[in-house]
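Counting the first sequence from 1 gives a position; our numbering is that position plus 16.
These aren't lab readings, by the way, just hints derived from the structure by calculation.
All C-beta atoms, glycine included, are put in the ideal place defined by N, C-alpha and C.
What you were told as hints is all true, and nothing was included just to trick you.
The following label-pair restraints were derived from C-beta to C-beta distances:
#: 1; residue 1: G371; residue 2: P522; range: 40 to 50 Å
#: 2; residue 1: P477; residue 2: K652; range: 55 to 65 Å
#: 3; residue 1: L121; residue 2: K652; range: 52 to 62 Å
#: 4; residue 1: R229; residue 2: I473; range: 41 to 51 Å
#: 5; residue 1: G371; residue 2: E211; range: 57 to 67 Å
When the alpha-carbon atoms are kept at most 27 Å apart in a straight line, the in silico DSSO-like pairs for lysine-lysine are as follows:
#: 6; residue 1: K439; residue 2: K475
#: 7; residue 1: K475; residue 2: K416
#: 8; residue 1: K416; residue 2: K439
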Amino acid sequence: MFDPSSAPWLTELNSEQRAAATHGGDRLLILAGAGTGKTTTLCARVAWLLTQGVPAERILLLTFTRRAAGEMVHRARILVERSSPDAGRIFGGTFHSVAHRLVRLHAATLGLETGFGLLDPGDARELLDMVRQEQGRAEEPKRFPRAGTLLDIYSRTVNAQTPVDEVLAEFFPWCEEHGEALKEIFRSYHRRKREMGLLDFDDLLLYWQGLMRSDVVGRRIADGFDHVLVDEYQDVNGLQVDIVRGLCQTRAGLTVVGDDLQAIYGFRAASARHILEFPEQFPDTHRVTLEQNYRSTTPILAVANAVAEQDRGGFRKRLWTDREGGAMPSLAFPRDEQEQAALVCRQVLEAREQGSELRRQAVLFRTNHDSDLLELELTRRRIPFVKYGGLRYLEAAHVKDFMALLRLADNPADELSWLRLLKLLDGVGPTRARGILDSLRPSEAGRPELERWPVAIEKVPAGSQQAAAAVIGALREAGAGAADSTGAQVDRLCTSVTPLIRLHYPDGAVRVPDLERLVLAAHGARDIRHFVSELALDPPSSVSDFAGPPQLDEDYLILSTAHSAKGLEWDAVHLIAAYDGNFPADMSTGTPEGITEERRLFYVALTRARRSLHVYVPERFYYRPTVRDQRHGYGKASRFLTESVQELFDMPVPESPRPDEARSPGHRIDVSVDALFA
DNA sequence: CTATTAGATGTTTTT
DNA sequence: CATCTAATAG
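Go ahead and model the full structure; you've got the sequences and the hints to work with.
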């Protein structure tokens, strides 16, 4: 008989971790500070549950990011296989992907078509924009919120489970005057989604909640699990809490893990309130706090703790480590962003000389464009890098075009995709596209049907009819019989649309290889429906992500926003653009809660570092890098870098500019075109 | 009506 | 700089 007390995954834990992993009660709250072995503990708990006789498939593991889900399930599986080789699969994934699976499974019960499609946030924005235009709101003299803002409001309302009036008053006061119009838009938006057989991300959670609330289905789902574990509980929103509550309504045990100091998704209607109030909301909660940090050196933790202490409230935690020593973090004040970029490059390369691979180093920042200049500099110096959450494939117009086609193959009622596709045709703009779409409907209010194409084709300009027919042909073959493989269908669809892409974009030829990459990825998919919805739910987070796993021998620097860096760690962390107004972002400094959240984000960034931490405050930065107008501001250090915090840093004296390839003092080349225009 | 271009405008963070 | 609007040419 297997004796769990001797298992390495238990004996290697410290006493708090072990207490958490082997807690016998039904309600467990693990407050795990940054770097305290949260994942290890959670995986050990899964392994322990298995040794207690809980079948793997009756364990549900919920996370926020696909990356976390993957790592957790993978690590747990390794432990599982070691202790009970024939255990089944743990049920796990992000909230949204689990919702997706369940909602598909119970689509009929929910009054949805089994073939519903998914709207990614980009599509959702487009649809909202469409509705907004239909209601004639776009031309109002008074500034009416844009599509992106509409989606923010809508999403926040749904996720917080709060009436829209309250959401407007609290977070969008400048839109309050349009309250009634907004409600009308949101109602139409919801209706239109249904008509087209589409669900947006928020719907997935909403419908899961609906399932859990039903006496019959909800109970059956809940009965399917003996234990539910939720990671990053500080980032759940009201809707998710409601779902979790539903999952545990009958018998399932519940373990939640999180750190209120790292709650950074308030803008997505998440609130640390849920983890703080967990003990009251779930009676008989046992609480374990993990404070021993295994990640960072003492001087780094000193900075992190000092920043955390600027904030009162929440659960008291103070990270400590027995790893004494380590270099002081550095705080540099480069003259401008250019010098900042040069400095980062130099430090990164130096660290690599010392044996720290590029991939064990990361540059973190508050907003995506903070790394613009650095990216240029890295490219110039041929330092390879990968940016998380950077250029996203799925947002490139031509990729969206192709995705629209794939979605139509699965769901011809998807008007949004029709419009997008039709506008690719030469001579077809918004008006004609709508006309063509209308003639695809059997009746005024009906849904577009592929069979009616012979009628619709007459509205296509003569020059484009042939190209259009090819696309429709491919759609027919993919939709109707679907006897052949997914790969063959996608191939055909791609072939049919390639000429359109080539023609429609001035740089069309360059864009075609992107489509081929997509086709390649689709070959492995079960069917088009799965391929499209998985892709929406889990978009490739970087260019290389999509090209397949990077070569093992490839080395590259990581660039990431602080948000995307959550849960990750690197030997060296470079936090750039840490000036007030940027970090904290000006937009967030309006409310005390906004500032507090920025501080937690700052804390998240600091605590990613294992051995060395470098913070950069450029003294001069450009608001907008335009050629004509070099407006700049003079930056002050982030307000989180208070005097007492700064004392915990080493402050290198700025060097005088060094001549290098880019700068050669005393040697000036004048370029002039005056002679040409004399 | 569509396509193209010039000019204004405005911004976080992401499942 | 990217995205949206307005104006104009085809």
